[in-house]
Amino acid sequence: MTKTNPGNYFEDFAVGQVIEHATPRTVTEGDRALYGAIYPTRFALPSSAAFARAVGLDPHPVEELVAFHIAFGKTVPDISLNAVANLGYAECRFHRPVVPGDTLSTRSEVIGLKQNSNGRSGVVYVRSTATNHRGEVVIDWARWVMVHKRDAASPAPETVIPELAAAVAPEDLVVPPGMSFTAYDFAAAGEPHRLDDYEVGERIDHVDGVTITDAEHMMATRLWQNTAKVHFNTQARPDGNRLVYGGHVISLARALSFNGLANAQLLAAINAGSHVAPAFAGDTVYAWSEVLDRAETAVPGVGALRLRLVATKGRDESMTLRGEDGTYADGVLLDLDHWALVPR
Amino acid sequence: MTKTNPGNYFEDFAVGQVIEHATPRTVTEGDRALYGAIYPTRFALPSSAAFARAVGLDPHPVEELVAFHIAFGKTVPDISLNAVANLGYAECRFHRPVVPGDTLSTRSEVIGLKQNSNGRSGVVYVRSTATNHRGEVVIDWARWVMVHKRDAASPAPETVIPELAAAVAPEDLVVPPGMSFTAYDFAAAGEPHRLDDYEVGERIDHVDGVTITDAEHMMATRLWQNTAKVHFNTQARPDGNRLVYGGHVISLARALSFNGLANAQLLAAINAGSHVAPAFAGDTVYAWSEVLDRAETAVPGVGALRLRLVATKGRDESMTLRGEDGTYADGVLLDLDHWALVPR
Amino acid sequence: MTKTNPGNYFEDFAVGQVIEHATPRTVTEGDRALYGAIYPTRFALPSSAAFARAVGLDPHPVEELVAFHIAFGKTVPDISLNAVANLGYAECRFHRPVVPGDTLSTRSEVIGLKQNSNGRSGVVYVRSTATNHRGEVVIDWARWVMVHKRDAASPAPETVIPELAAAVAPEDLVVPPGMSFTAYDFAAAGEPHRLDDYEVGERIDHVDGVTITDAEHMMATRLWQNTAKVHFNTQARPDGNRLVYGGHVISLARALSFNGLANAQLLAAINAGSHVAPAFAGDTVYAWSEVLDRAETAVPGVGALRLRLVATKGRDESMTLRGEDGTYADGVLLDLDHWALVPR
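First to last, the sequence lines map onto chains A, B and C.
Counting along the first sequence from 1, when you hit position 165 you're at 165 in full-length UniProt numbering, and nothing is skipped either side.
Counting along the second sequence from 1, when you hit position 5 you're at 5 in full-length UniProt numbering, and nothing is skipped either side.
Counting along the third sequence from 1, when you hit position 208 you're at 208 in full-length UniProt numbering, and nothing is skipped either side.
Hints are not guaranteed to be accurate.
To be verified - Across the chosen pairs, the derived CB separations fall in these ranges:
(1) C:ASP239 - B:ASP325: 31 to 39 Å
(2) A:ALA166 - B:LYS229: 30 to 38 Å
(3) B:ALA329 - C:GLY16: 46 to 54 Å
(4) A:VAL84 - C:ASP330: 33 to 41 Å
As the list claims (entries may be wrong) - Quick look at which bits of chain B chain A covers, simulated, 3 or more residues with Cβ under 8 Å:
(5) 15-27
(6) 97-108
(7) 133-141
(8) 228-237
Please keep in mind that the hints were generated in silico from the structure rather than gathered at the bench.
Ideal Cβ positions, reconstructed from N, Cα and C, are used throughout, including at glycine.
With the sequences and hints as input, model every part of the structure.
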């Protein structure tokens, strides 16, 4: 028993502690294919090596979420195996493209701690950094989770709550070196809309829906080496359902957003994210987006759209985020605030 | 709303119109692996790079249906998103092997139109051409679909019905340049039968059956970036079933046909195809073949078999295509007339 | 009908007979990705090309079980299509790593025959050898299966029962040439335990469980081109269930064993294996291990653990292999005796 990983409890974390997560993972063309089999993604850049080459990216990057899920998955055994809840993300930036052959590793630093008033759990804030095998940073992000204490009687640590930005500033978004949208092929990409065609406040109903199956969400989650029991084991929850990994809903919604946001080719940042309600096999997931902001980047021809991506269980053509009482509307599964790069 | 794709309606098509379909797609070894995970294929040539090299094909081609499904999938958002029915295929030729690294794009030309007498829909005929990133044609085919009109009151176009051949002539079949079957390894291929071992009129019961699951047909269909809602969304049909993509049944039947047609290594042409009945998860698919014709090709040692590949729901050892009234027998799902290349 | 493979019956086998199995198969990065999507594997060596390179293995090998399942699958159409039961394995050795691009073929020699007293079936012993496209042996193993007779009246062959070792001797284990664990990164591998940290007799409960789905076990089994009908066809068994391929349970259990045996990086041998009970979709599979022996190898720094890997339906924290009557305890699915290579 002592050789298996019980996961860390709240009192195992200390501010400033650095954890090197296990299992480096090499990304391959197999990951791209599986991602395309599990999510209805059609963005031209990750779909086509020729399109990517034409905008200056060679070798052919995989979608940012492939890298994110792999990098995130590594943190689960150390950070959130005993988590009660994933509370939030912030300051997630995609620093450079990930291509087949890259080996990703993740390290986390504890940047905040706050015991809950009930004394039985607490919130752990970490900043995680994924690097490739050349030691270059590919993604970093902050995340906070509520974690059980091993022993309610153990003393509370000093409360440290990190300052996290409400959104990544547009000037901090990274455009991959060498990328240019001057020769961008709108016909190949599937839609004619440029940065300036989107209005702040505009909402886009992405129309299509996908019904979840257990086999698909388990295959995706396993691909990322995410080990949280509730995703795989019908004996892990009283209701016998396998809880769908929140990242599965992110990827479903992002893929569905192609229909109306086909030119949002790359994710540049995730500003904030809430998994509002759990999803299970049999749920039909739809998505809508709201344009939150629009910005230029340092690279001519490349703009950035700040978008709220909302996944819902069942379609909500009214695209209602919150009810009159300010709480999320029924059916909302995900509220993801992010920046995407688009042609100007 | 205006940014999403509503698909084309009957009145949006005009004879001579050319549509460049979106989302070029690079084929990878991941596609080959997924194809082998989803279909019980065992043809030696696409399974083994060494076998392919020994018959003159290097790099290692993927199965023709991988390329076909990808090429076909691109046409769905523009041609058949509002289709009532896929009516037929003709004159489909495989012009050159597709190998990992090739990026495929598809273009369609409208070659015929005929409004239905009810005034609410019409038949659209297109010729679609898939090219690789070097601009070489890899597959072309004609297809006709029945499409809704947006407005029943809009005027009928002039009726144009293209002349399509009942079958591709043997002399028009393309044998991949450099391919030879003089060093063909029958033991590795799994069966000893050559062209002349098959008799016109002979029927082969392929024996094995596969029960469909929703996860598998969705993963396949998504891999081809086919976006037709009915395949993915239990809310898209009144019965709550996800309709299986017709191409999934084609690939299942083709893979099952290995048992008795192991040497039918490459598809050279599809002459005609009918999706006779819908298929759903839980259906068990079997296949049988009828030898329709036999031909030589320009390449010594390489022959061509014209085959009718029939998929059935449940096994029909009597291999009955049609009842006495001339309509398809109960249980027939697919009737696919094609040419395959075999050793002589 | 005569062109399809009816499989071999007991009287089709003769001691000394050699069968070249069909369908050579090239391993790709797609196989690695699918293996990781279907099994919760996290061993650092097959996950990371960088980790593999650091221990001297470049190019990046796939897991031994990927190669084993492919090699084994080739034997099914000739050896076990008419099998009543898989009775056992012995003397399975992994001779050299398999890397993407390798094409595997399998040959079997009949090494024993024993007709059953009922006269209707018999036991066939074969030694199978898988080679890569350079003709190098990658795996060999002995296996015995009970096979139906075509005709109960046909005469019994002379009984020949081969001598098979109870376990591969440690000095016969192959350490891949060039591999060294002197620069082994325990943090990346996920656990600190070395050879000497494991005690003979020690049992390790691997804690995690995975609930099987039909789509996943069929995809895996198809990937290995294993054609046994019972895995794919709900009409093949009276109960309408699809029997899970025994190798699927092996791979699930091996992957689950990461938690406690993270440094058991490579399989070196399978000494014996019993598929104790059938598994079906809906079963939740857990695993535990018992340390049977510990040995050095010829390579400094590389040790070998002889392990009993037990898969169970539902978790058995008592880790009971057999009841007082000596028969396997309820819930035991698999009992696999093998050698794994670990750092010293």
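Hints versus structure:
no.	hint	in the structure
1	C:ASP239 - B:ASP325: 31 to 39 Å	holds, 37 Å
2	A:ALA166 - B:LYS229: 30 to 38 Å	holds, 37 Å
3	B:ALA329 - C:GLY16: 46 to 54 Å	holds, 48 Å
4	A:VAL84 - C:ASP330: 33 to 41 Å	holds, 34 Å
5	15-27	holds (count 6)
6	97-108	holds (count 4)
7	133-141	violated (count 1)
8	228-237	holds (count 6)
Going down the numbered hints, you'll see the structure goes against just number 7.
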